[in-house]
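Based on the hints, put chain B with the ligands in the right spot on chain A.
Letter by letter, the chains look like this.
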Amino acid sequence: MTLVEIRNVSKSYIKGDQTIPVLQNINLSIGRKEFIALMGPSGSGKSTLLNLIAGLDSADSGVISVDGMDISSLSQRDLARWRSLHVGFIFQFYNLIPVLTAFENVELPLLLTGLTKRQRREHALTALQLVKLEDRLDHYPGQLSGGQQQRVAIARAVVSDPTLLVADEPTGDLDRVSAEDVLQLMERLSADLGKTVIMVTHDPRAARKAHRMQFLDKGVLADAPEDTLSECF
Amino acid sequence: MLLKILFRNAFRHKVRTTLTICGIAVAILAFGLLRTVVTAWYAGVEAASANRLITRNATSLVFPLPLAYKDKIRGVEGVTRVSYGNWFGGVYITERNFFANFAVEPGAYLKQYPEYVLTDLEKEAFLRDRRGCIAGANLARRFGWKVGDSITLKGTIFPGDWELVLRGIYRGREDNVDENQFFFHWDYLNETVRRTQPGRADQVGFYVITIAHAQEAAMISDRVDALFRNSFAATLTETEKAFQLGFVSLSEAILTAIRLISLVVIGVIMAVAANTMGMSVRERLGEYAVLKTLGFGNTYVSLIILGESLVIAVLGGFLGMVCTFPASEMVGRAVGDYFPVFVVARETLYLEFLAAILVGSVAALFPMWRASTVPIAEGLRRIS
Ligand SMILES: Nc1ncnc2c1ncn2[C@@H]1O[C@H](COP(=O)(O)OP(=O)(O)OP(=O)(O)O)[C@@H](O)[C@H]1O
Ligand SMILES: [Mg+2]
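The listed protein sequences correspond, in order, to chains A and B. Its first residue numbered 2, the first sequence is counted upward by one per residue in this note's numbering. Its first residue numbered 16, the second sequence is counted upward by one per residue in this note's numbering.
Bound conformation, chain A alone (with noise of 0.2 Å):
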């Protein structure tokens, strides 16, 4: 059962008097439940992919459908409803909110709910539960490591449990441990509860993780190449 369908989609920004195409004419469906990583060179428009996916931007022509739901046609406000009920966000950068605690960063998009203080706190417990740093919950961004921030922004992503999680280089900004203990993580999300994982990575460690494989080549899809297959199996 496909979760995402994506039907002739491009995508180009101007710049200047410049038109500089990013996506060309992008075909792919992603299966329910199902782990998939996008690789490809910097610049070939993984970023741009998942963000349409994920509906934080629109393509200039094509269909994005996500969960029978033509996303592209949603206005601003809808997007944004929509995201908060079923998209998580992971990035390279953890992008927490410095000024507030672990807690209150996993705690943050249940404020868009209409959850009681209490209901709040206890999802926001069980998502630092799962994440193992229960006992960092008032601790600021800048108080913990790369890994520790990681696990906090994916317990972020998954306390309102959404159906899709995007991670856009999850592991992009972590040392090999820490690295290793988020790809884990992303795992048990697939395969314990049940997540459907876009992950865009230059990893072929993280991407072997992964169930399915795409690439990514200057803004087409296409077969894995051989380096990339060998170094991954």
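Because the hints were derived from the structure by calculation, they are not lab data. Computed from a predicted structure; not experimentally measured. Accuracy of the hints is not assured; some may be wrong.
Looking from chain B toward chain A, a few residues come up when the C-beta cut is under 10 Å (computed) [stated by the list, open to error]:
hint, residue
1, I20
2, R23
3, N24
4, R27
5, V30
6, A216
7, E302
8, A304
9, T308
10, L309
11, G310
12, N313
13, Y365
14, A392
15, L395
16, I398
Yeah, the Cβ is synthetic: ideal placement off N, Cα and C, and Gly gets one too.
Showing chain B with the ligands alone in chain A's frame:
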């Protein structure tokens, strides 16, 4: 949580925020002091009673009126009391010690100005002593005068050394009463003038008229002036307020300039605050993009920015308002000779607060617009 974010954001750059708060405080303080100067300028007008009229020579304030007018004025319907006096223009030791001093007909004058409060003993002593004089509490403090002291004024309009004895120190019944004035007996002046310059005797500089009903001021003024229309010295009668306003209007241009400067000060700090907010928000565009990614709308993000700006501006504003009191007291002491009443008006405080709110709101406008219009993807790309 919104409050938490905006408060903590406000104090993220401690030095920057502190400097901005201080800047706003100084600007609000300057604004308040300038407004207080304007208020002080009008203080005489404010304190003027609507029940008092001033009659003077129609040609100019420097020309006198005959003493003989007194009885005629008293006969005018609606007039309850008349007194008279002269601007004496005496100098105490040196020109720098300027203060207003008048020779008045003391009995009636004190009844007409109940806001000058003397004890019964002082009043009696003053009225009994032809060389007696009284001074406002501020003035007495300024020169360290005590009741019983001898005070010599050097005459400028009326040459000679005038030896007086301080018989009382009056206080103002209200805040806005001028406590820097000095009064002595007109009779003492007149006797001496009769001996030395007989041609100038029995002349007064002004009459003060008390009327029964303030609303009859215009009518009574007309009646008084009609009496002397065809005399050698025609009169001009107006309410004490209008008379005082006449002095103020001379300097209307200066007051307008001061008002303008006070607005310029606010404008400048607005630009400074907007720059600070712009800087902070530019640094945080990524964070605002994250909030929007999570599903928070532009309204939420705008409120965080506006709130932060207001927190800083209001803190600065309060600091400035609090400082306005000691500062205006210091300034008041320094310029007390020129501004007998230098008090911060309540209205000035309201205006200061309003100005702070305005500074905070305006400073947030552009950053709010910026954070709202930057596309999320663009904002996220800034983080690296
Ligand atoms: N807002 C923008 N304006 C202009 N060009 C842009 C914009 N965003 C992206 N691009 C361009 O689109 C192309 C693809 O960018 P994208 O960030 O998707 O690449 P990427 O595959 O994620 O690269 P990386 O691996 O370095 O993150 C790049 O050439 C980039 O310069
Ligand atoms: Mg990228």
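Structure-based check of each hint:
1. I20: It holds, given that the least Cβ distance between I20 (chain B) and chain A is near 6 Å, below 10 Å.
2. R23: This interface hint holds because 4 Å falls under the 10 Å limit.
3. N24: This interface hint holds because 6 Å falls under the 10 Å limit.
4. R27: holds, 7 Å
5. V30: violated, 17 Å
6. A216: violated, 82 Å
7. E302: holds, 6 Å
8. A304: Holds, about 8 Å.
9. T308: holds, 6 Å
10. L309: holds, 5 Å
11. G310: Holds: closest Cβ of chain A sits about 3 Å from G310 (chain B), inside 10 Å.
12. N313: holds, 9 Å
13. Y365: violated, 33 Å
14. A392: With a minimum Cβ separation of about 4 Å from chain A (threshold 10 Å), the hint on A392 (chain B) holds.
15. L395: Interface hint status for L395 (chain B): holds (7 Å vs cutoff 10 Å).
16. I398: holds, 5 Å
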